[in-house]
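Enquirer: Each protein sequence line maps, in turn, to chains A and B. Once you know that position 175 of the first sequence is 175 in our numbering, the rest is easy, because the numbers rise by one and skip nothing. Take the position in the second sequence, starting the count at 1, then add 194; the result is the number in our numbering.
None of these hints come from the bench; they were simulated from the model. A couple of the hints might just be wrong.
Said to hold, decoys possible - What the simulated footprint calls covered on chain A by chain B, stretch by stretch (three residues with Cβ under 8 Å from a Cβ of chain B suffice, anywhere in the stretch; the number is not a length): (1) 7-15; (2) 72-78.
Claimed, not checked - Going by beta-carbon spacing under 8 Å, a handful of chain A positions derived as facing chain B: (3) Leu4; (4) Thr18; (5) Gly31.
Unchecked claim - Cβ-Cβ distance ranges computed for the label pairs, FRET-style: (6) A:Ser36 x B:Glu241: 29 to 35 Å; (7) B:Gln289 x A:Asp90: 34 to 40 Å; (8) B:Asp295 x A:Glu70: 49 to 55 Å; (9) A:Glu70 x B:Thr280: 48 to 54 Å; (10) B:Asp286 x A:Ala92: 53 to 59 Å; (11) A:Ala92 x B:Val298: 34 to 40 Å; (12) B:Gly237 x A:Arg63: 28 to 34 Å; (13) A:Arg12 x B:Ser262: 15 to 21 Å; (14) B:Val274 x A:Ser36: 48 to 54 Å; (15) A:Leu96 x B:Glu241: 53 to 59 Å; (16) B:Glu241 x A:Ala43: 53 to 59 Å; (17) B:Asn276 x A:Arg14: 39 to 45 Å.
Quick caveat, the model's predicted, so the values are computed rather than measured. C-beta: ideal position from N, C-alpha, C; glycine also.
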Amino acid sequence: MALLTVIGRGVRIRGRVTGEADLTIEGHVEGEVAVSGDVTIEAGGLVGANVSGRVIVVRGAVRGDLTGEELVRLEEGSRVVGDLRAPRIDIAKGGLVRGLVQTSGSVGAARPAARARADAPAIRRAPAPAAARPAPAPAPAPVRAAPAPTKAAATVARPTPAAAPARHAAKGPPPPVVPALKKGAKAALKKKAT
Amino acid sequence: MASTVIGAGITIEGEVSADDEIVVQGTIRGKLEAREGVTVEAGGVVEADIVSGPLTVAGSITGNITSSDRVDLQSGARVVGNVKATRITIADGAQFKGNVDMDV
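With these hints in hand, go ahead and build the complete structure from the sequences.
Expert: Written as structure tokens, this is what we have:
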């Protein structure tokens with residue numbers, strides 16, 4: 001059983017908090033929080049950097065990314081400026097968030113090939129910045145295309161659709177494939193034709 | 195208001211300042227400032243300078259202690275550093291290395 005740590009209301013920490021316990025923050029933490037237990041940021045709590053834990057419940061303010069191994073929950077009164085990453089994300093009514101919201105397996109657990117596939121393997125796609133600003137919407141956000149060569153991913157046998165919720169995010173038809181012509185290719189073709 | 199408890203599995207590296215009591219069962223490295231009071235329980239490790247009100251130690255402290263009130267070293271305590279306090283008790287079994295300044 002993970003032990004409980006409470007950082008009370010009048011406490012201000014300027015540094016990292018790490019460990020293997022459950023953590024409740026009612027004060028100010030201006031450094032990274034990385035624990036293997038649950039993190040609860042109470043109303044009045046303020047965290048100014050990334051938070052990672054197993055189950056993260058926010059009722060206060062966070063300026064940084066939240067990475068949960070299991071769940072990230074934003075309750076009423078919570079204000080988050082930063083990304084949310086967890087297999088399950090719960091944004092209750094009244095929760096405010098600005099950042100990327102990504103429901104997917106935690107890093108290492110997801111099949112990397114399946115993620116790189118991103119619904120459109122043969123396409124060299126520019127990263128999608130527009131995907132980064134959803135309102136707290138229930139629809140899972142599209143998985144960001146991996147910058148790694150997607151061509152390599154295409155040759156991987158397409159795995160059976162994973163059960164993770166991000167997979168069946170309806171994204172619409174993939175953009176058409178337009179092979180890029182080398183410079184002068186048109187001229188070379190014309191020359192050949194003559 | 196609940197006091198702040200730094201549980202056994204937690205390590206804080208940085209500056210901690212508190213308006214209320216702090217109970218340390220884990221590890222703090224850096225600087226600790228708690229106007230109300232600090233209790234370092236057995237198993238607690240503080241590698242920092244401490245500025246506090248009353249201080250009770252049963253764990254390990256490496257750093258200078260400046261207390262506006264009393265400092266109590268309980269049995270099992272291990273303190274390496276200078277202590278500045280108005281009152282001090284060092285129980286049998288406590289280990290201490292440093293200067294004591296009681297502002298005499």
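Enquirer: Against this structure, judge whether each hint is valid.
Expert: These are the hints, each one checked on the structure:
no.: 1; hint: 7-15; in the structure: holds (count 9)
no.: 2; hint: 72-78; in the structure: violated (count 0)
no.: 3; hint: Leu4; in the structure: holds (6 Å)
no.: 4; hint: Thr18; in the structure: holds (5 Å)
no.: 5; hint: Gly31; in the structure: holds (6 Å)
no.: 6; hint: A:Ser36 x B:Glu241: 29 to 35 Å; in the structure: violated (22 Å)
no.: 7; hint: B:Gln289 x A:Asp90: 34 to 40 Å; in the structure: violated (50 Å)
no.: 8; hint: B:Asp295 x A:Glu70: 49 to 55 Å; in the structure: holds (51 Å)
no.: 9; hint: A:Glu70 x B:Thr280: 48 to 54 Å; in the structure: holds (49 Å)
no.: 10; hint: B:Asp286 x A:Ala92: 53 to 59 Å; in the structure: holds (55 Å)
no.: 11; hint: A:Ala92 x B:Val298: 34 to 40 Å; in the structure: violated (59 Å)
no.: 12; hint: B:Gly237 x A:Arg63: 28 to 34 Å; in the structure: holds (33 Å)
no.: 13; hint: A:Arg12 x B:Ser262: 15 to 21 Å; in the structure: holds (19 Å)
no.: 14; hint: B:Val274 x A:Ser36: 48 to 54 Å; in the structure: violated (30 Å)
no.: 15; hint: A:Leu96 x B:Glu241: 53 to 59 Å; in the structure: violated (38 Å)
no.: 16; hint: B:Glu241 x A:Ala43: 53 to 59 Å; in the structure: violated (32 Å)
no.: 17; hint: B:Asn276 x A:Arg14: 39 to 45 Å; in the structure: violated (24 Å)
In summary, the numbered hints that this structure violates are 2, 6, 7, 11, 14, 15, 16, 17.
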